[in-house]
Amino acid sequence: MANPFKKTTNNANISKNIYGTERETSETKTRKCPNCGAARPADTNLTTCDYCGFQFMDIKDEIRIDDQK
Amino acid sequence: MFGFFGNKKEKKQETAEHPEFIKLVERWDTFLSKMETRFNESLIQAKEALLDNLEESNYDIHPTLTAWHGIKAQLMAMGNKINTTYDEKVLPQMLNHKEHYQLLDQAAKGTYLREQVIHTKIERFEIEIEGEISIRFYNHAVHFLNKSFKCTQCGAKIEVRKDIFHAHYVTCDYCNTVNTFTPNDKITQIRWIVDNIAKYKALNEWDAMQKTENELMNMCPPHKGQDNTAYKNAFEKREKATRTFWTKYFTERAEYLPEYADTIEHDVEVKMKWFYEERKRELGY
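Protein chains in written order, with the working numbering: chain L, -11 to 57; chain G, 104 to 388.
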């Protein structure tokens, strides 16, 4: 006997809503300072360029990378 | 006398064991038995359809969990069917032989199957099926974190964390540059299903908790001034089982999300809060 719930699963596949774009691949990015071209090194305040003082983010708080590993 | 004042109830009692009534009871029992068999078969079919769908949809968890909610509604409807059949078909025929109050045990058979068997099994099955779907999804999605990622500044290999399922900073060990790692959607979705896995892994503790809840439900709350020792003991047993379940649940969750390891004790207390509120209402302490 055919599985009666297959119809339900098929309907769910067909009627699936897609919101925006699906991200299929992971990626890594580094943000470079648009003013001097320097990357952001660890152990610095990530809101501001450590070399020329350019502000990446318009906030007063400091953001530092947590210990990762 | 002349049959004018013949008691209707007496007449019905005379026919209480009427073969027609016995036949009706037998048909009702057969119907309930068939419903239970069909329900149990449906659980097997539901599991098969959902797990197949997860694989066939290339581990797209959305439609599989959506389908589960649809299937759950269909399973619940089987319970409702028992009630409607009794009210609309069985009861009117039985009333030809007995009074309403004499048929309470027949109604109770249907209620028992619906409440104690079907609803209880669905509740447990939900933990099981969501857990199994989630574990399969996790095993599939976590592989994406094992891929090789490179620092976009110097090209050296960087190690991303296997227990963070959202975008996070990663430092390159070679050039010390901070990279932002943005995971794909499947990695992100792991965070949504970790709770299902934790609950599934605490299923034995959940069973024990349900057992103590049922034991307490089957007891009559003591009246004022009455000895409440047995009731109090049942409450304490339930407290222990509930606490054990939540402790297991949060411990399992922290296995996948170590950031929550420090808050296990606090989280358990939050979950137990309603329990102590109930105890205060019922037992006054």
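Treat the hints as calculated values from the structure; they're not laboratory data.
Being a predicted model, the structure only gives us computed values, none of them experimental.
No residue lacks a Cβ here, since even glycine has one placed at the ideal position from N, Cα and C.
It cannot be assumed that every hint is accurate.
Per the computed footprint, the stretches of chain G lying under chain L, defined by three or more beta-carbons under 8 Å from a beta-carbon of chain L, are [to be verified]:
#1 145 to 153
#2 164 to 172
#3 253 to 260
#4 268 to 274
#5 283 to 290
#6 364 to 376
Here's how the hints hold up against the structure:
Figure legend: the stretch 145 to 153 of chain G, annotated as covered by chain L; annotation consistent (6 residues with Cβ-Cβ distances under 8 Å, at least 3 required). With a cut-off of 8 Å between beta carbons, the stretch 164 to 172 of chain G has 5 residues touching chain L; three or more are needed, and the interface restraint holds. Figure legend: the stretch 253 to 260 of chain G, annotated as covered by chain L; annotation consistent (4 residues with Cβ-Cβ distances under 8 Å, at least 3 required). Coverage of the stretch 268 to 274 of chain G by chain L holds in this model, with 4 residues showing a Cβ closer than 8 Å to a Cβ of that chain against a need of three.
For a cut-off of 8 Å, the count of residues in the stretch 283 to 290 of chain G with a CB near a CB of chain L stands at 7, and the three-residue condition holds. Counting residues of the stretch 364 to 376 of chain G whose beta-carbon sits less than 8 Å from any beta-carbon of chain L gives 0, not enough to reach three: the coverage restraint is violated.
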